[in-house]
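Given chain A, put chain B in place with the hints provided.
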Amino acid sequence: MAINPGDTSWVLMSTGLVLLMVPALGFFEAGLIRSKNSLSTLMQTFSGLIILSILWFIIGFTLVYAPSPWGIIGGLKWAFYYGVPLNTSLDYAPNIPGVTFATYQMMFAVITPLLITGAFAGRLKWDAFFVFIIAWSIFIYYPLAHWVWGKGWLAQLGVYDFAGGIVIHTSAGMGSLAAALVLGRRKHFGPDIMVPHNIPLAVIGAAMLWFGWFGFNAGSALSSGPLAANALITSQIASATAGMVWLLLSWKKSKKPSVTGVITGAIAGLAGVTPAAGFISSQSAFFLGIIVGFASYYGILLIKQRLKIDDALDVSSVHGISGIIGSLAIGIVASSIINPSGPNGLAYGNAAQLGIQALGVVIAAVLGFGGTIVIMKVINAVIGLRVKPEEEEIGLDSTQHGERAYGDEWGVSV
Amino acid sequence: MKKVTAYIRSQKALKLKEQLNKAGIVAMTIADITAWTSYRKVTLQRRGIPVTYDLVHMAKIEVYIPDDMVDQVLKVITDNTRTGELGDGIITVSNLDQVINITTLMKNEDAVHEP
Chain A
1 MAINPGDTSW VLMSTGLVLL MVPALGFFEA GLIRSKNSLS TLMQTFSGLI ILSILWFIIG
61 FTLVYAPSPW GIIGGLKWAF YYGVPLNTSL DYAPNIPGVT FATYQMMFAV ITPLLITGAF
121 AGRLKWDAFF VFIIAWSIFI YYPLAHWVWG KGWLAQLGVY DFAGGIVIHT SAGMGSLAAA
181 LVLGRRKHFG PDIMVPHNIP LAVIGAAMLW FGWFGFNAGS ALSSGPLAAN ALITSQIASA
241 TAGMVWLLLS WKKSKKPSVT GVITGAIAGL AGVTPAAGFI SSQSAFFLGI IVGFASYYGI
301 LLIKQRLKID DALDVSSVHG ISGIIGSLAI GIVASSIINP SGPNGLAYGN AAQLGIQALG
361 VVIAAVLGFG GTIVIMKVIN AVIGLRVKPE EEEIGLDSTQ HGERAYGDEW GVSV
Chain B
1001 MKKVTAYIRS QKALKLKEQL NKAGIVAMTI ADITAWTSYR KVTLQRRGIP VTYDLVHMAK
1061 IEVYIPDDMV DQVLKVITDN TRTGELGDGI ITVSNLDQVI NITTLMKNED AVHEP
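Quick mapping for you: the protein sequence lines, in order, are chains A and B.
Counting in the numbering used here, the first sequence runs from 1 upward without gaps.
Counting in the numbering used here, the second sequence runs from 1001 upward without gaps.
Here chain A stands alone, though its shape is the one from the complex (with noise of 0.2 Å):
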């Protein structure tokens, strides 16, 4: 088909947005922890955007996208990208090349697995964290983006996900909760150890993180027009109003609007909008992002506080039920009005793809909760999880890197 100059330029310049976003999410969780440990986290971001680069190349991309005669994964035809078009596209993006595609999705397969970093900062093994993300992309992003993106049997049932609700934020979010549960709390877990060594750096991280969203929900369009304008209006709005929860909560609950909090917020918004963001219209994103601000605030104090489960930097709420609502939202507000390619939802007369969203949802949620745990306990019984206490307290930067975030020539800790 042909290639149109102007969704390609969208396309390509999205793709950079997107790679943006994953040393920005390394500085936003960085900030938001000790410094001993804010190298780690620094390098599973950035290393795992190495990793995962190349594991998209030699496998990733065929599994995902390539034909598949049941539905569950795609076939072997574009391992290391052989034969995956140049000049001509593919009918998932009719009108950019076939590798602008397969590279554009890249950067989703990258950055997925290194949303699960925030939950377990602080005490997990680098081999582990190596061996993790390549069997999680594996074993679960890449059968469940088949199923969602590569006209898998999901998408055969009618699940729509425009840049990543079910695929990315529930699978992920979930895979968290896992995560969590499975590693432990940090030693001393309490106010102590939850200390932003680096609010300005988190600060940075967030607002690198929105603007690379603009290429995640509205790149997401393939194409360069009314699309990408809709998913970009929604995703600024809703992550404006989810801040803005944010923002009145922390200001209600400490007499004191908080910089940590008003960050979180908006990252949640965007996180909650990003199923949605091609399907509602902007009035409708409007009034998701309050929803999705109470949920993810409500949400981080039921989990982190009643439960006390140590997901450090919240991704289970941040990401896992922001994406849960906003995919939910699909079944309630889309409007084929506003993408004639999308469903309708319930208030557009078509109840059933409430139904029909949820059911994606729970199949992502059971399959990153379940799947994490599974490949969490395969590591822990070969090679081990978490780090030796003795480590843990010294801080994952020296004892996994050697090195320190902060050196002066006035002496290193150890």
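No incorrect hints appear here.
Only pairs whose alpha carbons sit at most 20 Å apart, straight line, appear in this in silico PhoX-like list of lysine-lysine:
id, chain 1, residue 1, chain 2, residue 2
1, A, 187, A, 304
2, B, 1022, A, 187
3, B, 1060, B, 1022
4, B, 1015, A, 388
5, B, 1015, A, 187
6, B, 1017, B, 1003
7, B, 1107, B, 1003
8, A, 187, B, 1017
9, A, 187, A, 388
It should be emphasised that the hints constitute simulated quantities derived from the structure, not laboratory data.
Bear in mind that the values here come from a model prediction, so they are computed numbers and not experimental data.
Only chain B this time, still in chain A's reference frame:
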């Protein structure tokens, strides 16, 4: 009154703070310090190349206590910081002439109670 100063591994400071508090200490100084010894070196890396340092960050914890608490406090410190490996640090105990709480203007034992 005595001053007890402990130079310990930084990562033990959090635990020691809690345990000293359990033993009845209600205030202390906790400082990041740099220590040098001729015999303890730390190897980290830069771009894959090992680099050895002889200046090492440690924590300094200082408490002011009545004379009869000295043995107990020394035991809490050693119990909670000792690994037996090189680099566990040292403790010093010294006499104080006077301790005065600026808020309450109370002296000595009364100066280091909870207000």
